[in-house]
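**Q** Read off the chains here:
Protein chains: 4
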Amino acid sequence: MAVRLLLDESAKGVYIISATPFTDAGEIDFDSTDRLIDFYVDSGVHGVTILGVMGEAPKLSAEESIAFSERVLKRVAGRIPVVVGVSSTGNLNLKRLTDKVMALGAAGVMVSPIGGLRTDEQIEAYFGSVVRDLGPQVPIVLQDYPQLTQVYMSSALVNRLFAQFPSLKMFKHEDVPGLRKLTQLRAAEARGERRRVSILVGNSGMFLPMELHRGADGAMTGVAYPEMLVRVCEKFFAGDSGGAEDVYDAFLPIVRYENQPGIGLAIRKEILRRRGIIKSAAVRAPGARLDADDLKELDGLVGRLERKLAALDLPLAQPKLRRTG
Amino acid sequence: MAVRLLLDESAKGVYIISATPFTDAGEIDFDSTDRLIDFYVDSGVHGVTILGVMGEAPKLSAEESIAFSERVLKRVAGRIPVVVGVSSTGNLNLKRLTDKVMALGAAGVMVSPIGGLRTDEQIEAYFGSVVRDLGPQVPIVLQDYPQLTQVYMSSALVNRLFAQFPSLKMFKHEDVPGLRKLTQLRAAEARGERRRVSILVGNSGMFLPMELHRGADGAMTGVAYPEMLVRVCEKFFAGDSGGAEDVYDAFLPIVRYENQPGIGLAIRKEILRRRGIIKSAAVRAPGARLDADDLKELDGLVGRLERKLAALDLPLAQPKLRRTG
Amino acid sequence: MAVRLLLDESAKGVYIISATPFTDAGEIDFDSTDRLIDFYVDSGVHGVTILGVMGEAPKLSAEESIAFSERVLKRVAGRIPVVVGVSSTGNLNLKRLTDKVMALGAAGVMVSPIGGLRTDEQIEAYFGSVVRDLGPQVPIVLQDYPQLTQVYMSSALVNRLFAQFPSLKMFKHEDVPGLRKLTQLRAAEARGERRRVSILVGNSGMFLPMELHRGADGAMTGVAYPEMLVRVCEKFFAGDSGGAEDVYDAFLPIVRYENQPGIGLAIRKEILRRRGIIKSAAVRAPGARLDADDLKELDGLVGRLERKLAALDLPLAQPKLRRTG
Amino acid sequence: MAVRLLLDESAKGVYIISATPFTDAGEIDFDSTDRLIDFYVDSGVHGVTILGVMGEAPKLSAEESIAFSERVLKRVAGRIPVVVGVSSTGNLNLKRLTDKVMALGAAGVMVSPIGGLRTDEQIEAYFGSVVRDLGPQVPIVLQDYPQLTQVYMSSALVNRLFAQFPSLKMFKHEDVPGLRKLTQLRAAEARGERRRVSILVGNSGMFLPMELHRGADGAMTGVAYPEMLVRVCEKFFAGDSGGAEDVYDAFLPIVRYENQPGIGLAIRKEILRRRGIIKSAAVRAPGARLDADDLKELDGLVGRLERKLAALDLPLAQPKLRRTG
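Protein chains in written order, with my numbering: chain C, 4 to 328; chain U, 4 to 328; chain E, 4 to 328; chain Y, 4 to 328.
Please keep in mind that the hints were generated in silico from the structure rather than gathered at the bench.
Please note: incorrect hints may appear among the correct ones.
Pairs count within a copy or across copies, as identical chains cannot be separated in the list.
[Unchecked claim] For lysine-lysine, the following DSSO-like pairs were computed, each having C-alpha atoms within a straight-line distance of at most 30 angstroms:
1. K98 to K282
2. K299 to K15
3. K77 to K15
4. K282 to K311
5. K311 to K299
Construct the entire structure; sequences and hints are all you get.
**A** Structure, rendered in structure tokens:
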């Protein structure tokens, strides 16, 4: 048995947000899950996050969530840390899932505030209750995704939350505009107001190069080209920020296409399918589906990307066809 | 075995929205559930709706939802129809719960649109997918509660939905302002544009007397005084609309207090506890709790209500202390 | 020339929110304005607030806003303080109107946060800029009406705002649920954390009796029966809280009818028209209009109110037919 | 006197959304306005739209709006059509500004729905009232920008609006995701359901190449590099869609930076200032301001853009230093 991986404040690099592969009939496709996990690990990511929005978590049953977590954790086999999204409208359900996945070997859980929280007071009280209910030993990623939740957290509030709750280890930063907020969070640490925490950025990494400059430790997002995120971070942390941005800019046209709200998940699953990683691009209902126009448009974008990468001598990762299941 | 009760377009009267009683520790309290169900039936309601917002459905596990439904259906024992709220972020989970509760004897299910639906087109597509997934034999209550869902349906859209989908049997009307909408829905029926459907109103019945005048068939809401709703409807349908409004106005001060968003559920559970019906007023986290000021305020309102009812010679229903469990 | 009335923290009682009367053609009706102002003063209100939401301020031109303010201030002639709503999407326009109306004799201005403010930090920065731009000599009413603005202020934030900015004199409290917030604001004062400020409640006074118990100094709202607000406050502050609630409850059915979002303004103008105070119930476009069903419904509610008041021996104020213009 | 330019359904190309230049003290800078207008015309744009969101219209007084419109129209002197944003919370103010600017020579006005419209019925009623109030002779651009207004229009609704109201000439398309919507709008025309109308896209042109493929006639947006929009459209309509996309992709990193909500306007004004076109980057309060980190970040992005353009032999337009004022 591998040493237990537990998330802490030093987490860095790329935590890819995993899709949940389905068969065309809509059941979880565990074989594709194995291939997807191997592909992510082979792409060089430093962690994987399952059951996020991109993982269609709100459309799984509790049993499916646990079965999928178990399969992923078994396949990862301790190679990289696995974070599990456990956000829920009720604290008890949130705790039930957390207890299960931590027992299965998760490195931590990700929690997004419930909808309807409006003020700093309410948000602070909510996370206080979650931290207390989960217990101090469970590492938590605090997700800040106001475009979806309509819950807005100022940097002052985020600072207070991390200062107060030691089990909060990582901040998943997805506010837009969010660049100044990132700077403010790091400034609070520089002033010694609280310990340094891990900050990974989301939003498809639409602002990744600037966010790295402003102090992000990497990205936690679900783009269909994880190797891009890995290379950008590697180059940046090796001191080649210009090279990082060159790689990034080559992918930006398709990143911005993937980043469309609503339909983005279907686009990503289709790219993963085309890359031979998952068998079906099926999205559970309710969910957007690509039509013939979308598919043709994607052909064009992927073609342009491949030509650009060839010119830059930047080959894409190839999924290895290991036996799964 | 009793004759199967299935909801149809002729439904009328009061469908009380049931609380889900918890112990102080937060587990479902099945004994209180039995007492609560008996109390509702004894109050003269014509149906009961479980697992709505008022029933804290989003904070139950799937197993709890089924166990609670089973207990309620067993206790009701065919005396009145039971509607089960099955709204879900995923169609598959929505169908799974529906299939279970219909097999257990539910009269129909209630479905509220998922968040994020913005246009008539999107809402129509969503209900089309739900109706198709559930199958034509499952009677559906269409819930229109935009204050919570941020999904807004015009009367034209509601008319189209009912015209298109025969398994939609009842409209739960909670839009505010909503009086003209109600009139428009009945006008479409009068013009023969679609069949007449059942319309019950929610929102604590804050506009019940006007809504009855405008064509509502009754109320589906969760006030802690179901006997008030019953009497108002009885008097109104017996032709005594002035008498109906007199009863209503006596309760309005407390109805408006219960109707506060967020804290209303805690208030209702506390009243039910004081009335000896449920053992604990516990609300699952996250949820508002009453403090000393709230409790004292409630003392005052309840006292005023009781004095008013005494003056009007309108006794409250008394819960009968049958054996439960 | 009368002594200049300037709003301060001791303000108490009823500040009625004034409608802006229009002719049927949609022009400001200055004769009706005079009658309306006299009616308000005769009803015993302690102040009047013009150019609020109820005053259709966003549909007036800057010239009309100034002309209307001038007419009102001239007619009031120092009898009671006049507050002017000056909320604006731009600080410069806010200041321009403020300077004009203060020069004309207003007692202070009311400012609501602009839309789009999400966090405590943003709201604090906004009011900081407004207070600085208007200058320390202009008394400000801080309006907290999240149902309309989608800007939510916690009690902690409100406390910080009043502690920081001495020119904030009054809090117009309209959050729902808001009872606990009121208690928290007064508790902060009791703990000596900041000076005591005036708190008047809005929202049609839907919770006025409880709000008075929790420390409100009165109401600032626009119901069409200002004499009700005056009597409730007078009785309450004279120690007869039961009597206050009796008066209040008699009006509650119509208050809850007026309080409907969107259409409420048209209802209030129609009642004022029926009472002989304004000549036309016209609302500027875009705005809801009453139809035949609404008018008939209003007949019923007004009839019931009048019978109840007769039984309670509570006559309504009669507009005096002074010469206007 | 030049022939009057009136907007019609054949409008095509780039309508740049103009900033409103201010002095550091916040007054309208008319000299910079002249330079800006000349720069736009020299960049090859086919029209200009003033007093949009980008033009800080809600922070101008009515007098300033008219004075600015007059100055722009005089400087343009009939070289290209000028559209004026006239959206307003009240129809009367909307009409007043429209009448003024049409008399001054505007080619048409742009109208965005007021906030709070929720259903197709409400939106249709609103535009019906606006079209009627403005009269049939005023060409209208229908702006669809739900991210800001929270008013969502389906393609079915947009089709109905254009079919019903002949004075609607152009659709400013800014919904996201919006690609399929664009296809649906053109499909309705291909089926002959209504006349073909002009569709220009907004949102910084973040999806411009795909939108042109799907039938857009060009762009109406406010990026600080109008020459990019012009070249992309020219190449695309000349049949070189690959070349159009090459130009576009070179600018995408900075377009995505400009496109940040809230702070985007300040970024654009700073770029225009650096390019020597406007004298001050001042934004009226309330409004985001760039800090030292932002400015340094912008240095980097602009530097990268200039190197890329040099490599592609794509020189930027140079503002000509004509006499202004």
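**Q** Please sort K311 with K299 into within, between, both or neither, judging by C-alpha distance up to 30 angstroms.
**A** Cα proximity of K311 and K299: in one copy and across copies (19 angstroms, 28 angstroms).
**Q** Classify it for me, K282 with K311: is the Cα-Cα distance of at most 30 angstroms met within a copy, between copies, both or neither?
**A** Intra 27 angstroms, inter 39 angstroms, cutoff 30 angstroms: intra-copy only.
**Q** My question is about K299 and K15: at a cut-off of 30 angstroms on alpha-carbon distance, are they close within one copy, between copies, both, or neither?
**A** between (37 angstroms within a copy, 25 angstroms between copies)
**Q** Within a copy, between copies, both or neither: where do K98 and K282 come within 30 angstroms Cα-Cα?
**A** Result: close only across copies, 25 angstroms inter versus 33 angstroms intra.
**Q** Is it within, between, both or neither when you check K77 against K15 at 30 angstroms Cα-Cα?
**A** within (23 angstroms within a copy, 54 angstroms between copies)
Every hint from the earlier list agrees with this structure, and none is contradicted.
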